[in-house]
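Using the sequences and the accompanying hints, generate a full structural model.
Protein chains: 2
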Amino acid sequence: MEGLPGAPATGGSVVLRFGQAIFAAISLLCMCLDIEFYGSTAFCFLVTIMGLVIPWSLACALVDALSIYAKRPIHAHGIHSIILVGDWVLSYLSLAASCSVGSASDVLGASGQYSFCIGKVWARYQLGAAMAFLSWSLLFASFLFNLWLLPSL
Amino acid sequence: MEGLPGAPATGGSVVLRFGQAIFAAISLLCMCLDIEFYGSTAFCFLVTIMGLVIPWSLACALVDALSIYAKRPIHAHGIHSIILVGDWVLSYLSLAASCSVGSASDVLGASGQYSFCIGKVWARYQLGAAMAFLSWSLLFASFLFNLWLLPSL
Chain S
1 MEGLPGAPAT GGSVVLRFGQ AIFAAISLLC MCLDIEFYGS TAFCFLVTIM
51 GLVIPWSLAC ALVDALSIYA KRPIHAHGIH SIILVGDWVL SYLSLAASCS
101 VGSASDVLGA SGQYSFCIGK VWARYQLGAA MAFLSWSLLF ASFLFNLWLL
151 PSL
Chain V
154 MEGLPGAPAT GGSVVLRFGQ AIFAAISLLC MCLDIEFYGS TAFCFLVTIM
204 GLVIPWSLAC ALVDALSIYA KRPIHAHGIH SIILVGDWVL SYLSLAASCS
254 VGSASDVLGA SGQYSFCIGK VWARYQLGAA MAFLSWSLLF ASFLFNLWLL
304 PSL
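Quick note, the sequences are listed as chains S and V, same order. Here the numbering used here is used: the first residue of the first sequence is 1, the next is one more, and so on. Here the numbering used here is used: the first residue of the second sequence is 154, the next is one more, and so on.
These are calculated hints, taken from the structure and not from any lab test. Model, not experiment: these values are computed from the prediction. Be a bit skeptical, because a hint or two may be false.
[What the hints assert, rightly or not] With the C-beta cut set under 10 Å, the calculated list includes, among others, these residues of chain V facing chain S: (1) 191; (2) 192; (3) 193; (4) 194; (5) 195; (6) 198; (7) 220; (8) 245; (9) 246; (10) 248; (11) 249; (12) 263; (13) 293.
All residues carry an ideal CB built from backbone N, CA and C; glycine is no exception.
Structural data, given as structure tokens:
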């Protein structure tokens, strides 16, 4: 089962982790660069969560890369559980945040009457929400792979 | 561990399930009664999910009540797994839906410039989102109790 592509301590897992971090970073850039993201609670929520996903995913990628380099898969139940719980909590929060921003930007796009929504700024919020959703889907995939391997530890 | 209050086939679990169904029903009433909920995708999403939570929670309450009545706790691994996965999926979806509607109604309340948002209608959407969030929290509690008992089966 540990030969599963995407399982911890494989190349697939490192790719998944980097994908999460990259999508989260693009989402963060869409939300923060040159526009006021602090106008609504939902936008602040997304920025906070994406700011947590990036270091988390990079740390997990580092753990995976180290265990590939040392040719020793993670057998410690404790580390595996921490990664599993972290992925689980962040997947809940990132899904909630991306849905929040998606719906808020949808309403903004339809009304176009918000003080900080001049021009096509809402389209950038929507792009940020889409990137956060992609980051969530990869985070969820990592979580499922970890969950699948839990009984074998 | 099966004496845990809130564990499946206990009175606590039945109370949790009824709580989920009641909060979901109030949320549904807030969203649907006399107002146009189909104006935004987020509102339709919440209505769909709450429409799924009510029969799910009532069915689980029935299973719990039957197993209390028959004085035989659920030992079948299959039924337990189905309940666990159902709770898990619905808890993800209901959190996402309640956050979506919460943020959309927040933006509506601040702008007040939406075709179907006359008067204080957005406050009702917010109440619907809050009730959905309460329903999610009880659903999540049920999920955690089920997850806790899984290894003992």
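So which hints don't hold here, by number, going up? Hints 1, 7 are the ones this structure does not satisfy, whereas the remaining hints hold.
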